[in-house]
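Trainee: Combine the two chains into a complex, taking the hints into account.
Spelled out, the chains give:
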Amino acid sequence: MRWLWWLAGAAMACVTATGLAASPAEPTITAQEWQTYRDHFVSAEGRVVDNGNNNLSHSEGQGYGLLLAVLAQDRPTFEAIWSFTRTELMVRDDGLAAWRWEEDKSPHVTDTNNASDGDILIAYALAMAGEAWNEPEKTDAARRIVESLGREMLVEVRGNMLVLPGKDGFSATQRPDGPVVNPSYWIFEAAPVFAGLTPQIAWARIAEDEMKVLALAGENAAGLPPDWVSLSSRKPKPAEGFPPEFGYNNIRIPLYLMRSGAGAERLAPYIRMVGEDGLLRVDVTTGEAKEHLTEPGYRIIGAALNCVLTGEPVPADLQAFSPTSYFAATLQLLTLDFLRRDAPMCLEGRTAR
Amino acid sequence: MKALLRLLVVAILLGQASAATAQAPAASGETAAPAPTAQPGTPDETALRYFARQGDTKRVEAEIARLKALYPNWQPPANLLANDYTPDPAIEHIWELYGQGDFAGARAAIAAKQSADPAFTPSEDLLHSLDVGEAGVRLRNASDAAQYETVVSIAAQTPELLTCASVDNLWRVAEAFIKTDKTPRGLDAYKYILTNCTDPQIRLATVQKAMSLLPRADLDPLLALERPGPDGAGEFTPIRLDLARNAIAEVLTGKVGKAGDADVSLLESSARQTKAPDDLRLLGWYALNQKKPADGRDWFEMATAADPGALSAHGLAVALLDLDRPGEAEQALAAYSGDSEELTSLYLTAAAALLAQDPRPELKPEVLDRIVQETMAAHNAKAAQELGWYAYAFEQPQTAAQWFKLATTWDPQDEPSAYGLLVASDALKDTQTVREIKSQWSAKSARIANFGQATGKRSEITPTASPAEAPAPKVAVTSTPPPASSRSSSRSCATFVPPGSLSASQALARGWCLMDLERPADAVANFARALESSTGQVRSDAAYGQALAYIRLGLPDYAMVAAAAAPLTQKRINELQIAIHTKAALAAYEIGDYKNALRALDERARYAPEQNDLLTLRAWSYYHLRRYREAQQIFAAVAATGYQDAAAGLDAAQTALRIQSERGF
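From first to last, the protein sequence lines stand for chains A and B. So that you can map any letter, position 31 of the first sequence is 31 in our numbering, and since no number is skipped, the others follow by simple counting. So that you can map any letter, position 294 of the second sequence is 294 in our numbering, and since no number is skipped, the others follow by simple counting.
Only chain B is shown next, with the shape it has when bound in the complex (with noise of 0.2 Å):
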């Protein structure tokens, strides 16, 4: 039987251990490890009797075991400390430093010896001893240095190494073979101790050994070669999960795609069972790359209750911004958006899209106080720009103003900040800041270039009293003013009152008072009141409010329609008109349609001539058409007025026109 398994060592080294393999269970039984070449002649027994002398009992039952492995005729002395043997203490300390591993110094000790001793010849079985010892520790360090050739052929002269008590060695035997390339003949080495060693803990470490070297098909295999564990489940079930996981996490890192479904179910039903955190979240994370956020919210759920905690916090959060809850994420990070930058970041995403939900959300006082103090302290340019927009949509232009101001402070090359700082500052009247605005970011802005255009409009459609005196909100000024109730104050109207509970009147003034608070929406359903109005003034008025409420909103077409409801003067005609292909001209050119944009301009031209601001974005649409022969004409007339945001766009266009020309277009 030992021969035999020392045969199948020498098989596998051979490379032909497939045969041996299959013969060897059957054989092998109970024994763990192959025997060593037998040695002839007496075996040394210095060492064992030193040891017995030393009392120690482990090292002479270890020496006992070698003598046999290598006499297999061989029998201990029934007393180990009789008097019948008169040890050599020089002989002795030679064993005691192989003992020791001391392999150079045993050599030494030797050559010491017979250097005072000349007839001195050591034991075949101390040389021989020394020799496995050392071949043990040039393996490993072969195996250390990556030296695979080495390992391979220290294994194939000393089979010796290759025993389920130094399984280290048969395990780095398997690895020098895969490493070059010879993955079955270390397959049939992690078969071979599946199939000879029992010790539950080496098997196991067998197969994840494995694991870590082999891609998953070649472990079958050795799985396959499991015995029921004591609890009489399979012994390689942890590992098998170990296997699920490894599936799932190479789905997470983008080396596969979708992972078996016996791994994933199996891990779930574990998951499921042992409420093993780690494996909770895994499963989560999975779910969300298998596009499942709401599977992925049961897992990291699951994983909160077992652990609570930022990891599982993390989990829960990303699910829910999946399933665009950010309201439940921020809740859900709020007490772990310091813990790292990755969740403060994470929160503060959960935060913006939370203030930037349509309809804005009334916030709790706590929820809007600790995400203002999460932005504040990570000066995240994002969230201070939504609380910007939240403010602005809540009427706090003022406060608005200060968040955007902040997000540019922290963001200098955020456009959508500045165009917010703009919108904000311009609803305050603050010229100088939209000012400085404009000339900063002109160039790198349509919209913010753009801006003010329709404001300019809206001073044309001013129609009563003369444009110079009548800045930009007075757009209510008509020949029927609101009542001065309603005029008087900003905040008059700023309280939500359903527009069917008005009269026809007090709808048109309170249209007129949203106006002024740039809430254009509400301002439409209050038109809509008042357009039921008897008298044909009030629903002429309505009409034309509407209109122009639409306008602000962008909703050109919508204008339209409102426009037709009721007869108005030619005079609002062809004020609505104007706007409302300005309007066009503007949203087209904001969504990269130049062709509609310049159709809408020279809809507008028919009413009205056309002022350095659209001439500008008239040059900019022929620009982007590439027309920049024709751009450049416009820029340099409206330039030569001393229009600054001219100035860019004839750059731009000359530097356009000098490079077609260079590539000879």
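So that you can see chain A by itself, here it is in the shape it has in the complex (with noise of 0.2 Å):
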């Protein structure tokens, strides 16, 4: 057994009340691997672009640029992706993201409703940026999208408070199989963060509730919870309408609890979700792989559970930042940013055994 003492928690230690440990000197994303995501992913008007999705952009994907910002400590683009994401999207009467933008239609906003993932990850940015530039107006702006998380989009299912993945056409009322969830929107890194702007919800017990809904989700054949998860009976199931199956949404749940500080009980489940070659595609009710994800953004998370788990080093050209899909290049970064902070001994060779 190795790095005992990282799995009891050590990491939990380095998340404060705002989340990440106070700005570090150099940031954890480099400057060079920051540039090459900006000159893909970026356009001049602070529009994170999706080039793996016609090139449509979203409240997600203007959330991680926000936060890698923050991470790369780029001010200048902080504020493009901010000032497009505010006048472009944030225009919904609730205060939340409209979800979808389309550079050739018009208008450009093609679906008003949010994406609660989108919404939690432009308030963490905003509350992170805002400590770490010393700018309140963005922690403001943050409690603002903050209050109305809690005020919109909070499900009680059997005792389990958790966030809806959108305002309209998830919940009990809107589909017959609802309440469904998406368990890959809960970014529970941003709990304690969340709980620091609006101490009057419960984002903790919020975020535990998450958890354990996210077990149960993954009590199947597979051993691993589909990307949207139908709550209307006692048992989660595969909701209606979309593929039974853990998919590109759910991949990024072991990252998120890996930054979130989770234990070891909660990441080794997800350990079925690593092959040889990359991230499985699974289906959820039969346990087979429909596909192998093998970019490196999606082979990088694999390869830090495994690290996490048994100590193995995060193989070298994995480290490299060479950008392909704008998903995988995001999440490649958010892992680098991870193991840089929590785990450096992954990214140093076999040293630690």
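In short, the hints are calculated from the structure, not lab data. Hints are all accurate, no fakes.
FRET-style restraints, in silico, Cβ to Cβ:
{"id": "1", "chain 1": "B", "residue 1": "Pro-228", "chain 2": "A", "residue 2": "Arg-151", "range": "50 to 56 Å"}
{"id": "2", "chain 1": "A", "residue 1": "Thr-110", "chain 2": "B", "residue 2": "Pro-228", "range": "41 to 47 Å"}
{"id": "3", "chain 1": "A", "residue 1": "Gln-32", "chain 2": "B", "residue 2": "Glu-149", "range": "41 to 47 Å"}
{"id": "4", "chain 1": "B", "residue 1": "Pro-87", "chain 2": "A", "residue 2": "Pro-199", "range": "47 to 53 Å"}
{"id": "5", "chain 1": "A", "residue 1": "Pro-315", "chain 2": "B", "residue 2": "Thr-86", "range": "51 to 57 Å"}
{"id": "6", "chain 1": "B", "residue 1": "Ala-217", "chain 2": "A", "residue 2": "Thr-173", "range": "34 to 40 Å"}
Covered stretches of chain B (chain A as the covering partner; in silico rule of three or more C-beta atoms under 8 Å from a C-beta of chain A):
{"id": "7", "region": "103–114"}
{"id": "8", "region": "125–138"}
Please read these numbers as outputs of a predicted model, since none were measured by experiment. Note that CB positions come from ideal geometry on N, CA and C, so glycine has one too.
Mentor: Rendered as structure tokens:
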């Protein structure tokens, strides 16, 4: 057994009341990595472009862009992305962000529904920026979003308080198999930050309840939760209208768990998603792999998980940032940020043995 | 004054504008825009001087206006190009980005400059300008996304956006109020524009915007703010016309029943003057809608004069059809019948109505020709059917049969076409086709099922020859045969000759000849002339012939009267009684008067027993009177003789009886 000291929760110590530790002297995403990311995925007007999805933009991408800009300590880019996010997406009456934006459509917002992971990422990044750069206006903007999330997006299911994936279309009244949740929209590392912004909302309890439901949702043939989970009955099941799979959404869960400092018992089930040559997209009704996701940005999540659980270092080729798709590139930078911040020994060859 | 206007904007946003608008006009004068919040400190002249050096006078003026609005006491420098001012190129660049609407770029540039120079603080003016610029983008996006509370909230926080120069923002705010059930506040926003903004196009567009969102009644307070235009007429005259058009269009779309008289007469007088084809046609359709086809025709004739074409012809044709002038309608549409499916259909409707006129009109060859061509092109069964009846009426049963045949090919479910084919085929003695149609249609059509019974009666009333040897048209075999000449050619009586010009005997012969040609109406007139004969036998024959002609015309009552016009042999009386009651039974049956059908059959039974065809008719009458048991008995008896037509009836009666018993009747 390796690194018991780490599994014991040492990482938790890194998480302060505002989430990540106060800005380190050196950014955990290098200037070169960030420049490459910007060149590929961030337009001059502050729009994060999903090149794997018809070059559309969404609140999630804007949130990731803001978060990565904070981690890269790039205020100018943060300002540009925030300006675009605020003026183009944050138009909803409830203060949340419209989730989808398309350049060749008029109006550009083509779906005014929100996506709670986008809102959470935006608020989380704003809170970190407010603290890192001492800008109370950004902290205030974060607080307003978090208040809206608390007011609009929470649902109680059998005693568990959860964040719904979107305002429209997921509740028990809006679909027969509702409420439907997407566990990869639960970004656990934001919970302590949100609790600091809005103490009146029980974000710590919400995160705990979400962890419970997450574990329940993984009780199936695959041992992994489906991307979209119906909670209409006591036993969670794949939601109607979505493929019953652990897929592109949920491969983020172990990354979020690691980033939030979750212990081995929570991380261990996700080793099932790690294949020889990449992450597995898995049919949760049969446990069969449907696809191998081989982009470095996906593989590094598996490598990081493996390292945290077994001490096996992350291969050097995965540590080099050469972006492919927006999604994989984003996850690679977030994983590198995690490893450099909380598990640097995973990046240092086999010295940890 | 500016302070008052600003108060007004705030008042609108807070929903307290009614009092403020009342005062505003007196105070506003020429002023077009409310003033934004006055800023403390000194203005940032970077952008102004930068634009001046670029020689961009338009932007220089806009910038001076903006700074003056922000700093009322500020005066622009006398010499914008003076060297007493050392610009910072980085700040100039930020203003440049701002000027291009690249607010994200400007924000990024400020942050970059701050990173490079921690002592740098952007001017209040710059930050405020960016806030307002971004708020404007956000307001438009929220409005596009129908997030109206956001629109109102941005406007309330950023009244600088609500100026005559950015009137689009005011329009969007008004819309946001109206869409959130705060119409009075939306109206206040429009009133604010009409009270304070002077640009005539903006004023006109404002009322147009209001029109698209508000009911007519809500517009009156806005129209009341009308000012005279350069030509002395009210500036909203075009709007009032639009409103009149809308009012009429609402009638045409069925939303209301009638437009206001003022609206109608306003548009009428305008249309008479301008001859605008759309208006003329709109008024035409409105007249048709109001059941004034003559007015409609007049409007569409004016429209045709102003704008000849399918649109005008369409309305004109509808008006003419409403006026029962299908010939003119056909003519009006002739040139456009292929323009659209709708026009083709309308043209063929007009053509069918024209062909069906009574008396049948003699159409010019070119008219008939184009009707035929259009019918063929469109495969239109109704028009083909009318062409069939038209040919039939003009003694061309062969042609008629061909048209009916086409009609049934194009629309196999069309009973009238099948009936036409039956009639024409019968006239052509095409027994094969008659049998086919009867077997195909008898279950669905009573008149087809019963067709031929009259024919059968004719054989019954062929007194002197044996019925088997005397097929239907030989009705005229009487004790006094018509002259050989008139019998030798079926065409010998085809041309019209006034019966009064004939001798009684000639008229009698001609009457029989016309009966052969299936022209009983003309025959009636000739038999009437023959009745004037001094010879008893001729008169008796004439009465007999006329009675038969009336029976053929389906007028048994007249036949009774005719039969009494001269003494007849008992045999002929019997024959006529049988024919008359047969006809009466058929006529009653055809209009669904089954009781009288049975009564006529009972009368007839006094003179002759019923054969299978009339027994079937009797059974169907019972059936329709829900006397299923009796119907079943007769159908069963008739069917037992091998008479096909009864089989369907037996089925129907048995089904009805079963349903009755299942329902426990």
